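Undergrad: For reference, the chains in residue letters:
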Amino acid sequence: MTYALVLGRRALREGIRTPEVIVPALFIPLFFLVVNVGQAARIFPGSTTAFLHGQGYGAFQLPSSMLLAASFGSAALFLVEEIEGGYFDKLRATPVSRAAIVLGRLLAEGVKSLLIASVIVLLGLAFGITIASGVLGFFLLILLTAGWAIVYSGFMQIVALKTRSAAATNSAGLVFFPLLFLTPNFVPRNLLTRPMEIAATINPVTYVMEGMRSLVLERFHWETIGLGFLVVAVAGVIMLALSVRVINSYD
Amino acid sequence: MDQVSGPAVEAAGLVKTYRSGKSTVEAVRGVDLRVDAGEVFGFLGPNGAGKSTTVRMLTTLLSITAGSVRVAGIDVAAHPDAVRRRIGVALQEAGLDNRQTGRELLVLQGRLFDLSAGEAGERAQELLELVELTEAADRSIKGYSGGMKRRLDLASALVHRPEVLFLDEPTTGLDPASRLTVWDEVRRINESGTTVFLTTQYLEEADQLCDRLAIIDAGLIVREGTPSDLKAELSDRLELDREATLDDVFLDATGRSRERVAGEVKEVSA
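Top to bottom, those sequences are chains A and B. Using our numbering, read the first sequence as starting at 121 and increasing by one per residue. Using our numbering, read the second sequence as starting at 38 and increasing by one per residue.
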């Protein structure tokens, strides 16, 4: 774990020194939040829409934007750069466990996501969104977002290690968009058409989104929140195991 | 530094094959090598001969298809981490993290070899002085020249005081002055007791630095010996009326003419 922390600190330094990578991760999700709210807020007024629990439509959309931000991880692209530049081999030539090499970047990605998610929520608060579950809910919300960031970065790292190509890794990042839209993104699951409801039900991102949304709109609905964390935990373990497997067989 | 007892590198029947579609490519076809502790050993060969593939197998970076390798007395395939603790590696392209400073890179390397934060800092300072990079130590590596990057790469390979140092074409792309600086460093490192395994395309470099050398061609070792023995053997065998050069030995060993290797083997005067 010490090695992972040492490597994680390095990856964080790298993030701080490349703000041009962090800015889009903040700006684009906020842009989608504003656009989506602008388009649908009048259809779903807070005063008469039951699923908004008395809040505006922005509160319903906030988790989607946070998940989008969490899927902007740059870890995999930095990894491809390192592979191409030879530094990755330098790391592989150290006696550090292969898992630590993978985990270091994921930890940094988690920390970056905590910060970005916090900024998005604080901006939301400034525009009248409230977190119904309070301070604890706020922390759980950003923790769940960071967990998803780690899962998604893990997936991207696997692609980077397998393909060693920036173009392929970038393309893999686009996988998130169908996953994000096959969710109860604009309305709750029970209001979706039947095919969309089936797609959303089998899409694990749905449960993360519903967990986050529950924290924003309701008090603690532990079953929904727990399911969100469970999905992140299971996906995280799978991604880490696959990443370690890929790096162990890396030639 | 603990001295290696017995050979520093010992490879027997080393083979590496790659699958490419339905066909199999044999990059290394049964290499036997022995490098004694304290030597500077040169590993030469034309492009695509299997030099880098061999070095990557010796340094645990590439899986071994067949054969056995012991480095610093340890089986590479069975105990890769133990081997990694005893070797330093500077590969063909200076593998550095351009977003860090020189000092940060060396401290990180020290931490990955189990030095405490304080020890890693002290070791980094020692090495920065050794490779004359103290003034640039806290600048981003991105702004370093090619020669500075090579020296930093060399320093990072020495952080944990390795018994065996692998240098894969350490002077490729450097100007003559930087090349001479790297040669001086290699000599100094070797004088301190480190075995050096050096691959190079520069024949003069091998002649200047190496106690013994091997030439690999098409995945097989085709010559091995001291530079002077190899040159003398060729002069005798071909009954030359002049002393053979290492270029002659190389061309004879690889069955190439000067015309054919133009663009493959670079001869330099530094």
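Keep in mind the hints are simulated off the structure, nothing from the lab. In this text, all values refer to a predicted model and were calculated from it rather than measured experimentally. Virtual Cβ for every residue (Gly too), placed ideally from N, Cα, C. Do not rely on the hints blindly, as some may be mistaken.
Said to hold, decoys possible - One-sided excerpt, in silico: chain A residues whose CB lies under 7 Å from chain B:
#1 Arg130
#2 Arg212
#3 Gly257
Undergrad: Verify the interface restraint on Arg212(A): the C-beta must sit less than 7 Å from at least one C-beta of chain B.
TA: holds (6 Å)
Undergrad: Is the shortest C-beta separation between Gly257(A) and chain B less than 7 Å?
TA: Constraint on Gly257(A) not satisfied, violated at 36 Å.
Undergrad: So, as I understand it, the hint says Arg130(A) touches chain B; can you test that by seeing if any CB pair is closer than 7 Å?
TA: holds (6 Å)
The earlier numbered hint that this structure contradicts is number 3, and it is the only one.
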